[in-house]
Amino acid sequence: MKRVLLFFLTCLMAILIQSVLWPAVVGLDVKPDLVLLLTVCLAMAERSFRGSFAAFMLGSWYDIVAGSHPGLHGVVLLTVYWGLQPIATRFNVESTVLQMIMVGVGTLLHAFLVIGGGFFAEAGGLWQFVLMNFLQQLLLNLVCAVVLVLLLRRFGLERWFCLPQLEKV
Amino acid sequence: MVGTFSHPGCGMRLALKKFRTIALCACLMLAALLLYSDHLRQRPATSLFHRVILQLTSPVQGGVRTLVHSTADLWQHYLWLVDTATENEILRRDNRRLQASLREFDEIRFENQRLKKLLDFREASSLKALPARVVAEDASSWFRTILIDKGSNDGVASGMPVVTAEGIVGRTFQISDHESRVLLVTDASSSIATTLQQSRSRGIARGHGSGLQLNYVERNTEVSVGELVITSGTGGVFPKGLAVGTVDQVEREEFGLFQRISMRPTVDLTRIEEILVLLRSEP
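Protein sequence lines, in the order shown, are assigned to chains U and E.
Read in order, the letters of the first sequence are residues 1 to 169 in the numbering used here.
Read in order, the letters of the second sequence are residues 1 to 283 in the numbering used here.
Don't read these hints as lab results, they were simulated from the structure.
Since the model is a prediction, treat every value here as computed from it, not as a measurement.
Hints may be right or wrong, so weigh each one.
Short, incomplete list of chain U residues facing chain E, as computed with Cβ under 7 Å [to be verified]: (1) V26; (2) V30; (3) A45; (4) L78; (5) G83; (6) Q85; (7) P86; (8) V114; (9) G116; (10) V130; (11) R154; (12) G156.
Don't be surprised by glycine CBs; every beta carbon is placed ideally from N, CA and C.
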């Protein structure tokens, strides 16, 4: 129950940062995708149907605050979760480098799937816009992931998120 | 030997147990795809799940936004006054210039009023407008939407035009009782029927994130940079004559039927705080 509540609160905080705090404070069009980073965490922490369901719910919630195509993020985040599972199960996810690779792969997969979903929704120039801003998005996600890893390590919160113990630098 | 054989149903159960997670995951993906497909077919409808989550999330978003803005106001108005003197001087200069323009525009306004009466055009004030406040922006980098604090209880329905004094902002979609989401004109899914103000040539303005692209304007039409683009009123959503954007760049290739025109929206969509929803618009 505690973990479900923590997951819910983390989702809410990620959405608030992306939809309210970031536009008001920074004002850049490109925002860090904290919901995607949460899906990456999920892929590292959960390896069952429960993880898939959580990723789908996360995407469904994201659909209400992002984009104009309800259902798109549900499919996208579920697929990102499954796409990251082989990396999480086969490799040593305690390595910070591998975690960053997972964030990179996750961002790439996310962008690719949004473009794919956009074609079905007749969102004409979405693919151009995603491709134009992809590098900025990747960089921002990586920077945020590094900051989050450092914060989690600093305050010893890895256990709370059921993440593998992060390696010491 | 005989003892190693088991009941046929037992093998089935073992197989089911072995592939249960995969089967459940496959069902989940199928459900997700069906939901997406269903939403694509019934786009204007807002599901109960969306309504409930919108109502639960938006008060928190509104609270956080108010807190952030109050803190920013306190900082800018009382603590950070370094540029105020220079800014005052610029504002005084602008004020004098604007007063001169205003006198000029008054004359044009009176002339315009007379012409409107003559041609029996509908007055813009006949459109019932509902003021609303922006609560939050789109959480994703790839889409351009905003959340406003007015919903179906205030008379907002899906597909209503949203404007400011400077021009159009977008149209409403996903409506809950007290909140609605607005698809901005710069979103890739947005397209508006428009007319170039000077040449009167028609085109379709499509969003592409930061600006707009004006499509299907014939190659031989003279289009100048800075020309205003207005709604044509033929799309069925926006009334005629609202400002959409100004021409930013015009490209003509050697071949082809149309020219490539980039536009800048007249409304600064990154800084909007208050908007108007046109409740009964007649294109």
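Right, here's what the structure says about each hint:
1. Taken as an interface hint, V26 of chain U does not check out: its beta carbon lies about 11 Å from the nearest beta carbon of chain E, beyond 7 Å.
2. Evaluation of the V30 of chain U hint against chain E yields a held restraint, the C-beta minimum of about 5 Å falling below 7 Å.
3. Hint status for A45 of chain U relative to chain E: violated, with the closest Cβ pair at about 16 Å, above 7 Å.
4. Here the hint on L78 of chain U is kept, as its CB sits about 6 Å from the closest CB of chain E, short of 7 Å.
5. For the restraint placing G83 of chain U at the interface with chain E, the shortest Cβ-Cβ distance is roughly 12 Å, beyond the 7 Å limit, so the hint is violated.
6. Annotation: interface hint on Q85 of chain U violated; nearest CB of chain E at approximately 10 Å, more than 7 Å.
7. Because the beta carbon of P86 of chain U sits about 14 Å from the nearest beta carbon in chain E, more than 7 Å, this interface hint is broken.
8. Contact between V114 of chain U and chain E, as hinted, is supported at the beta carbon level, the nearest pair being about 6 Å apart and thus within 7 Å.
9. With a least beta-carbon distance of about 11 Å to chain E, the hint placing G116 of chain U at the interface is violated under the 7 Å criterion.
10. A hinted interface residue such as V130 of chain U counts as satisfied when its beta carbon comes closer than 7 Å to some beta carbon of chain E; here the least separation is about 5 Å, so the hint holds.
11. For the restraint placing R154 of chain U at the interface with chain E, the shortest Cβ-Cβ distance is roughly 24 Å, beyond the 7 Å limit, so the hint is violated.
12. Because the beta carbon of G156 of chain U sits about 27 Å from the nearest beta carbon in chain E, more than 7 Å, this interface hint is broken.
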